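Residue numbers (this note's numbering), protein chains in the order written: chain A, 1 to 112; chain B, 1001 to 1111.
Check each hint, because a few of them may be wrong.
Derived DSSO-like pairs: lysine-lysine, alpha-carbon spacing no greater than 30 Å straight-line [as the list claims (entries may be wrong)]:
| # | chain 1 | residue 1 | chain 2 | residue 2 |
| --- | --- | --- | --- | --- |
| 1 | B | Lys1099 | A | Lys22 |
| 2 | B | Lys1057 | A | Lys68 |
| 3 | A | Lys71 | B | Lys1070 |
| 4 | B | Lys1099 | A | Lys57 |
| 5 | B | Lys1057 | A | Lys42 |
| 6 | A | Lys109 | A | Lys37 |
| 7 | A | Lys37 | A | Lys68 |
Bear in mind the hints are in silico, worked out from the structure with no lab data behind them. No experiment lies behind these values; they were computed from the predicted model shown.
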Amino acid sequence: GENVEQHPSTLSVQEGDSAVIKCTYSDSASNYFPWYKQELGKRPQLIIDIRSNVGEKKDQRIAVTLNKTAKHFSLHITETQPEDSAVYFCAVFTGGGNKLTFGTGTQLKVEL
Amino acid sequence: DAGITQSPRHKVTETGTPVTLRCHQTENHRYMYWYRQDPGHGLRLIHYSYGVKDTDKGEVSDGYSVSRSKTEDFLLTLESATSSQTSVYFCATGQPNEKLFFGSGTQLSVL
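Model the full assembly from the supplied sequences, consistent with the hints where possible.
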């Protein structure tokens, strides 16, 4: 099946610094790559996504970059704030777009 | 979130008993998914459905069965619960290669 690797598993940054989370995947046919944020005790929620026809997408302080040739994509958060503290999951649609496979998650902690 | 309701929200049961979790959606999404979430493993797909009576296995389907008799409802059944099935279960709905919407989750404890 699809293999989605996510690094790092934990990330601690100072408020105002940038955070980068990376994911690699194996299915070269995949063409949709979402990122989900999950706060403690809550459901995962989409924060940004990218399709294979673009290399970068930005939404205020967050951005996602995609390298289809190398089969990896990254989440970038700039000017981090305490409310950014959460678990972040990358994901890849596989099986012809039917199944969403998640990475194992990154616990981001933004320290004051 | 997008009209997705999971029930029950919490359940404690004993090893060997059957358990059924329900996911109900009001968005008329064709696809529905069941995931389990465990520390260190992220979200792992159990089963999914691509239409009424159409289902397929995910990566951790052993010990689980599903049914979808109506577009709105997707049931997950543990025929004989085991302690290894203690987890948080999330239902999600959506369309292929599009945003998925998640329910609030069900915390299941098997003692």
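Tested hints:
1. B/Lys1099 with A/Lys22: Roughly 20 Å between the alpha carbons, so the hint for lysine 1099 of chain B and lysine 22 of chain A holds.
2. B/Lys1057 with A/Lys68: holds (27 Å)
3. A/Lys71 with B/Lys1070: With Cα atoms ~38 Å apart, lysine 71 of chain A and lysine 1070 of chain B exceed 30 Å; violated.
4. B/Lys1099 with A/Lys57: Given that 30 Å is the threshold and the Cα spacing comes to 16 Å, the pair holds.
5. B/Lys1057 with A/Lys42: This hinted pair holds, its Cα atoms lying about 26 Å apart.
6. A/Lys109 with A/Lys37: Satisfied, since the Cα-Cα distance of roughly 13 Å is no more than 30 Å.
7. A/Lys37 with A/Lys68: holds (23 Å)
When the structure is compared with the earlier hints, a violation turns up for hint 3 alone.
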